[in-house]
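> Those protein sequence lines, which keep their order, are chains A and B.
Numbering-wise (our numbering), the first sequence opens with residue 9 and increments by one.
Numbering-wise (our numbering), the second sequence opens with residue 55 and increments by one.
Simulated from the structure, these hints should not be mistaken for lab results.
Please note that a few of the clues may not be correct.
To be verified - Taking lysine-lysine and the BS3-like style, the derived pairs with C-alpha atoms no more than 27 Å apart in a straight line are:
(1) A:290 <-> A:345
(2) A:290 <-> B:255
(3) B:207 <-> B:251
(4) A:163 <-> A:56
(5) B:247 <-> B:228
(6) A:116 <-> A:86
(7) A:163 <-> A:290
(8) A:205 <-> A:86
(9) B:63 <-> A:348
(10) B:209 <-> B:249
(11) B:209 <-> B:251
(12) A:345 <-> B:228
(13) B:62 <-> A:348
(14) A:290 <-> B:63
(15) B:255 <-> B:228
As the list claims (entries may be wrong) - Partial list, derived from the structure: chain B residues whose beta carbon lies under 10 Å from chain A:
(16) 60
(17) 61
(18) 77
(19) 169
(20) 198
(21) 219
(22) 231
(23) 252
Note that CB positions come from ideal geometry on N, CA and C, so glycine has one too.
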Amino acid sequence: MDTVKDTAIELMRQMRTDDVLSVVAFSDRAEVIVPAVRRLDREDAETKIRMLGTDGGTEIYRGLEAAYYEVHRNLSNKRINQIILITDGRTYGDELDCLQIADIAAGKGVRINGLGIGSSWNDEFLDDLASRTGGRALYVSRLSDLNEFLQDMFKDLGEVFGDQTTLTLDLPSGVTLTYAYRIRPDTSPLPITSSLKLGNLLRENRLVTLLEFTLEPIFRRAFQHDIARGVFSMQIHSLEPTILTLPIQLERPVNHLNHEELPPNEIVQALAYVSLYRMQEKVHTEIYAGNIEAANDQLELLANQLISCGENELAQTALMEVERLRSTHAISVEGSKQIKYGTRSLVLPSIIK
Amino acid sequence: MIECPHCKKLELIGAIFCRECGTQLLPTEAGAYSSPGAVKKTTSDLPFTHNSKKVTQSPTPNTEPGRPNSYTPIRSQTTSDTQPRPTITNPEQTNRITLQVLQTGELISVAEEDEVTLGRAGTGQPIVPDIDLTPYKGLEAGVSRLHASIRIKGKEVYIMDLGSANGTRLNGDKLPPSTPHRLEDESVISLGKLKLKVLIKS
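Just chain B, with the same shape it has in the complex (with noise of 0.2 Å):
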């Protein structure tokens, strides 16, 4: 028997992957570790909605010889250790989408990311939102941990709903899950009793 690397389970000699997390076992002839991330696609061709048509895409193969399985298991990570990526930040920055909690008036400035999430980060959260809101009393407030994501097409923004518990408005509609709807200047969406005041640059 040979043991997987990264969750330790036994499998049998000649095993190529692990069948328990998927993590490669034996290099390939040309040397190296070819895990699906090893096959990327860009980020950028992936449907902002599911749709089964859409996930047929072509990925576009990565053929760097001796690249390693990049996989690094997000179940491991701590708030600690991944804190969100866009935080509270100097109203005055650059960025062209700044979301303004109605309450407070305090201004969150949004990475300019293809796609950012909202939500709260916990210990042990297997991923966390890109924007954390809890520091904005989001758990007072109803929001889920992924509660929904902001996508920025070209000139274009969206927000979609990621299955929230309680549910994501826009101007004071509810949104279906996975669903994206495009945000004008001054939207307001909540994220359940959370309002945000979405500013747009133009």
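For reference, chain A alone in the conformation it holds in the complex (with noise of 0.2 Å):
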């Protein structure tokens, strides 16, 4: 709790004037630490943040919602809005409340960060909660790392150019979006939805998401086959805020040599690594479905595919579940949380150039 406490006062220290900042204590009740007031009182503050406390336990519901009034109520498109849900426990019974809240809060342009630490909290969870909003979840093994992350957040915050960014895609029939992954300027697999949440366009940075159709055959003589069309749209900040919208039209030369058209060389070199990230999912999807020999395989097979990117200590671990897996019949929640963040920090930014 000290780390988060002497985290928040450091923020809280390096906001600009114009900067609106709340802070919401949740246990089994939400309790309004920093109302979020312009010219704030950082002294007392600060006193207030340093009399936090740990007891009840974890109703995410509670804190999501009086964070989202104070974010709501100073809900402005001259800033970015934004909540950051730090939490270490796992809530119970208000998942689809919470949700709900996400829904709305991504309708008013809020987006929601989460930070799980340790490994008792619900990824799946806070992954969905995060992303409906075009935010993300990051895994904090190391509550010592806490600062760094929040630190990178504040950051980013700072360079935002867009936020509230969506691709809202109309497919033609025989046409799939099967997979939808942002790599730039951070990492995360994005839900399926008809309108995906891209996230923050940052200054000085692309946004960059790889998105996957599956394409039924045709049979028609064709020059082209027409995969999608839709519309990009975000909010620009600056003086005079503006929702910008471009028409988005995808569409691929048929070929009828019958020879391939080879992928660009840094689209694979992605692909490569969200690869890994899948290969993850779908040890998951193995247990769930109770094929625990398949789940078995697939996780040795991720381990051999992350040995041989010198992933020496995540291969470890993959290993180590292998053989808890194999004993059990089922894998660690922290193994599954290192295995699960672990590969999706490997499709790094710096690839897609």
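Join the two chains, each given in its own frame, into one complex according to the hints.
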């Protein structure tokens, strides 16, 4: 808790005069420690943060509701509106209510980012919650890293050029969007919906997302295959906030010469890492389906690939989980998170220039 | 459909990677088969313990054109074709670190690698340890297949338990898994019940 408090105070000291910060503590109830006001009394706020203690359970809904209220009453399209949810526990029974708030927040352009500390929190829930708003969840394996994670998040906030980036696609029959993964400015899988929330666009940094489509064969003679039409939109934050919209048309020429067009090197390199992330996803799918042997084989294959790319630590974790899976038919929550967020973090933005 | 050359799973035409085993199915426009392994990190940059922040360090991209996928399936390895590298050696050899089996006095020289794993090698094992302790009654002593690792970082030497079933002790103190602990000359480590004295030449 001391680390969290120190970090909150450190970040508060770095705030600009126009920034608005609120701190909400939650257990089985929520308490607004620092209300969202302009011209914050920093000394008073620091004292209140210092007095924070830990008790009670983890009811994220309570905290999220209070945090959303604080953001909402200061909502402005001249600012980046964001909630950072920090938890080390698992919420029970209020997940759907939390997701409902996330959807409302997304509709108002409020992004939720999650930081899960340790191994007890529910990663699937936090991923879902964050991604609905274009945010992301991060795994903080050691509390001592929290400061660095939060500093990075706040630094990114200062560099946002546009937010509420959305890609709305209309797909013709025979075309399915099967996978979406944001590569840059941060890495995260995106839930498949008709309107993909892509996150923030940072200054001097591109927003890159990989989309995987499955196309049914076409039997008529055609020179091109329409994949999707749609609109990309985002809110640009400057002196005069503007909504920018761009029409999007995706199509591929049809090759009648029966030779394959090779994919660009940079996309393949990024995909190489995304495929590792997808392999660990498949491990979980197999476990949920009760196919322990298939999960075991898949995890072993993932460990092979991790070794081949020099990720020895992560490979070792995967191999330990192979042993565990073999003997207990389950993998540990800690190992599962290490592999999930470890493979996710391998999809490095630097790959795509 | 196209067939993965490694796991034989069928994928849709146009798939670039096999969803089953991660093998690349198409070359790139540069003609290279690019795997995560072709964008290798130097192992010296890797953290010793799991640290999700450090994992995000940028790798050094290997842009060698035409470099084939160096993927080698370790699951197909057997004990016979993957002999552990450091084994019992001449005690007079020049390696800096030697392990002495306390019960028998036998010496095991540790290769000058960044990291050396200790455990037991067995048939069908997906990954074998660098030092196989089976000849020193490792099985009877409760040594796990991948029990612990020794890491050499400059002049310092560390031991880390790899989540072994029977634990690793350093001078009698049980070590938490995945946490490196510094070794001194004449430190005694216990892998299960197998006691080894660490001899480090200064």
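> Go through the hint on residue 77 (chain B) and say holds or violated, using the shortest Cβ distance to chain A against 10 Å.
holds (8 Å)
> Taking the closest Cβ pair, is residue 169 (chain B) under 10 Å from chain A?
holds (7 Å)
> Starting from residue 209 (chain B), check that the Cα of residue 249 (chain B) is at most 27 Å away, please.
Cα-Cα ~23 Å, so holds.
> Are residue 205 (chain A) and residue 86 (chain A) close enough, with their CA atoms no more than 27 Å apart?
This hinted pair holds, its Cα atoms lying about 20 Å apart.
> Taking 27 Å as the top limit, are the C-alpha atoms of residue 62 (chain B) and residue 348 (chain A) close enough?
Holds: residue 62 (chain B) and residue 348 (chain A) sit about 26 Å apart, inside 27 Å.
> Please verify that hint: residue 60 (chain B), Cβ, nearest Cβ of chain A, below 10 Å or not.
holds (9 Å)
> Is it true that the CA of residue 63 (chain B) sits at most 27 Å from the CA of residue 348 (chain A)?
Roughly 23 Å between the alpha carbons, so the hint for residue 63 (chain B) and residue 348 (chain A) holds.
> Does the alpha-carbon distance linking residue 163 (chain A) and residue 56 (chain A) stay inside the 27 Å limit?
holds (24 Å)
> Can residue 231 (chain B) be said to touch chain A, with a Cβ gap under 10 Å?
holds (9 Å)
> Need the status of pair residue 116 (chain A), residue 86 (chain A): alpha-carbon distance at most 27 Å?
With Cα atoms ~13 Å apart, residue 116 (chain A) and residue 86 (chain A) stay inside 27 Å; holds.
> Less than 10 Å between beta-carbons is the criterion; does residue 61 (chain B) satisfy it with respect to chain A?
holds (7 Å)
> Would you mind confirming whether the straight-line C-alpha gap from residue 345 (chain A) to residue 228 (chain B) stays at or under 27 Å?
holds (25 Å)
In terms of the numbered hints stated before, the structure departs from hints 2, 7 and 23, listed from lowest to highest.
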